Amino acid sequence: MIHTLITSFRLKNTYRVNSIIYSIKGLPIIRKVLSNDLYKSKFLKVLGNIISIIIEICSIFLGKFLYIWLAISSIAVIYQTDPTNTFLHLFFFLTLAGGILNTYMFNPTKDKYYAIVIMNMDANQFAISNYSYSMLKVFVGFLPFTIIFGTLAQIPLWICILLPFFVVMIKMTVIGNMIRKYKQKGVVNNENLPTKVSWIILILLLVIAYGFPYVGIVLPVNIFLFLCMISFLLGTISFMQIYHFKDYKKMYKLLLTPENVYALQNANSTKTIKDNIASNINYDGEITSDKKGFAYFHELFIKRHSKLLTKSAKKQTLFIVVVFSILIMISYMIPELREKLNNIPLTYLPYFVFIMYLLNRGTTITQAMFMNCDHSMLTYRIYRTPRVILGVFKERIKTLIKINLLPSSVLGLGLMLLLYTTGGTDNFWNYLILFVSVNAMSIFFSVHYLVMYYLLQPYNVNTEIKSSTYTIVQSLTYFACYYMIQLHLPTISFGIATIIFSIAYSFISLLLVYHFAPKTFKLRI
Amino acid sequence: MKLIIKDLKKKFDQKEVLNGIYFEFEKGKIYGLLGRNGAGKTTLFNCINEDLSVDEGEIFIQEGKTDESRKLEAEDIGYVLSIPNVPEFLTAREFLKFFIEINEDRIHNPKTIDEYFEFMKIEIEDRDKLLKDYSHGMKNKMQMLVNIIASPNILLLDEPLTSFDVVVAEEMKQMLKTIKNDHIIIFSTHIMELALDLCDEIVILNKGVLKKMNKSNLNHNQFKKKIIEALKEE
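First to last, the sequence lines map onto chains A and B. Just so it is clear: in the first sequence, position 231 is 231 by the working numbering, and no numbers are missing. Just so it is clear: in the second sequence, position 133 is 133 by the working numbering, and no numbers are missing.
Bound conformation, chain A alone:
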């Protein structure tokens, strides 16, 4: 048993260390310095092992510390009820919820998958030794914090020491139950996908935990202790069941399917994003185009992706109309607020840079362009001739600007109207500049995203992002726009600056595209 535990621990550690080395290798500058036989390097192995140990220790203590501190200790004092009792009350019901959510045994993790399915280790020994270790970790991890925070809540020391045992017993009771269910019905529940019943129980437990103290109901200490006793009894019976169960291999075969094990990874994978975008193609036979060449190709793309492209812009526009209608109504109903509302169009224009950033569909549209169109088309050499690249680019920039101008022009009009209804301005130019600058921002973002896409085309044939420059430019765009939030500048000067900047930026970047895109717009290898 100990041998199995050590083997499985070494296996887990090996791939943990390798993934640490892999991440180190992914760092931009360091990558160049390091050679290829990194995984053999003693120094890196030692470094990886140290980091691995730190991760293991953090996994034992850090989570439990944060949990008891944030979810229990700091909340128990908020209520009017007795803090000691409230602490125990929260601890009790959250432990029940945690027992369902965090079983360890029924979490389809990679270490189990590698050991049992791929390496064919003895499943019974693996399950029991690793489960015992994880329960030991629970106990050791909880003990210091139940003592520290428990004592602070004036809970007697012996109860503080009792609490980690209670957690372990509850967890074992849940497992015992699940093993019984498997024996009877042959069903295994993946803890990451709670059943409907589990969800209802979880919600109920949370309501009892955090809701009841609010109305003055908490679990009395005596009853708490009585329930603890019962949990010890049930836990011990369950432990015997867990220990004597001999069918872990079969049970784990049901749980450890690649879909379960890689669920999280799959959800974020580019393949899922690609499938998602591909499912947005609408084809009803009626969508056609009577144009020719690039225009034909592009028009069909836009029409078949209207769900992703034009429809969402229309929804945004509707939303803007609603927001401004409300603001204008408020200005009529509560005249005192007029002056404040009047400030929005006159000094908060920089804020709208961020709003325009959020509204712009550039990222989604270029992503769709890649996933559903360029991903395949770029493999045809003819599609990469300057004539075709620039031909398609021209069509795209026109459409992208058009799509984004719909919400922005309505936003511009909304701002003008808001300015007018909240008392107007002495300077007539404010109206004009508001409208033009908001639309200039919109054009800027449209150009920006498409130009970045053409100049830095970041995807490879597997639709993975391979360009760190692209990611950096994306984040810089975000931070620059976010920074604008705090600026309060008069509309006239900021507006004119925005307009000039947008025109200059668009002009320069279009020149860059015409010059460089035929070279840069290709699949990354």
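To be clear, the hints were calculated from the coordinates, so they are not data collected in a lab. What you were told as hints is all true, and nothing was included just to trick you.
The calculated lysine-lysine pairs, modelled on PhoX-like cross-linking and capped at a C-alpha distance of 25 Å, are:
| # | chain 1 | residue 1 | chain 2 | residue 2 |
| --- | --- | --- | --- | --- |
| 1 | A | LYS291 | B | LYS129 |
| 2 | B | LYS173 | B | LYS29 |
| 3 | B | LYS232 | B | LYS9 |
| 4 | B | LYS9 | A | LYS522 |
| 5 | A | LYS522 | B | LYS71 |
| 6 | A | LYS394 | A | LYS292 |
| 7 | A | LYS42 | B | LYS15 |
| 8 | B | LYS9 | B | LYS71 |
| 9 | B | LYS226 | B | LYS29 |
| 10 | A | LYS522 | B | LYS11 |
| 11 | B | LYS97 | A | LYS291 |
| 12 | B | LYS180 | B | LYS65 |
| 13 | B | LYS15 | A | LYS45 |
| 14 | A | LYS522 | B | LYS132 |
| 15 | B | LYS132 | A | LYS291 |
| 16 | A | LYS311 | B | LYS132 |
| 17 | B | LYS212 | B | LYS180 |
| 18 | B | LYS132 | A | LYS303 |
| 19 | B | LYS212 | B | LYS224 |
| 20 | A | LYS519 | B | LYS11 |
| 21 | B | LYS97 | A | LYS292 |
| 22 | A | LYS12 | A | LYS42 |
| 23 | B | LYS27 | B | LYS215 |
| 24 | A | LYS181 | A | LYS253 |
| 25 | A | LYS466 | B | LYS9 |
| 26 | B | LYS129 | A | LYS292 |
| 27 | B | LYS15 | A | LYS466 |
| 28 | A | LYS246 | A | LYS183 |
| 29 | B | LYS139 | A | LYS522 |
Here the structure is a predicted model, which is why all the values come from computation and not from measurement.
Go by the hints and put chain B onto chain A.
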């Protein structure tokens, strides 16, 4: 017309994948490119297709009998990948229409779209379906067709027949034989029988260089043996 590769070198990190390739490919022939896994066949194709920049050397075209050479243009190359890529939001007919329109000036004897479908044996009922709903093999047919329509001087085929069923694979083989006179066709594959059956020349890529295998007066089995020995050379 000849495709000439001269002193081509390409390395990744420290590993030299292409190590001074010198080779001349001639029009009218199908070249079977054989190499072991990781030998660099795809890298070679990517270099010819300018997807990868080369470290050293040059690739150019020599036309006519004179020594006049010119650089490769995008229009010279058709590259059929082993995993077919087609724009999923278009129907087969729309895809062809677009392709024919943007290549108008390069297609000398244009046919109707349906004639092209006939040529590639794509059934009438499939012609107006979204490519998204095409099977792997059908997508592969479309990819091949589009690459052939524009009639590029050089056709690079990366394991193109593996996804076809036996009937279609046979059709495609015949089709390649009918068009070979106008092209330089380089065909990479792991299936030796296919290479021997279809190709006029066998070229192996080993240790980063290309080597033409001469059959001389060997019989089929002896030639196979010779190729395997050459591939095994370390």
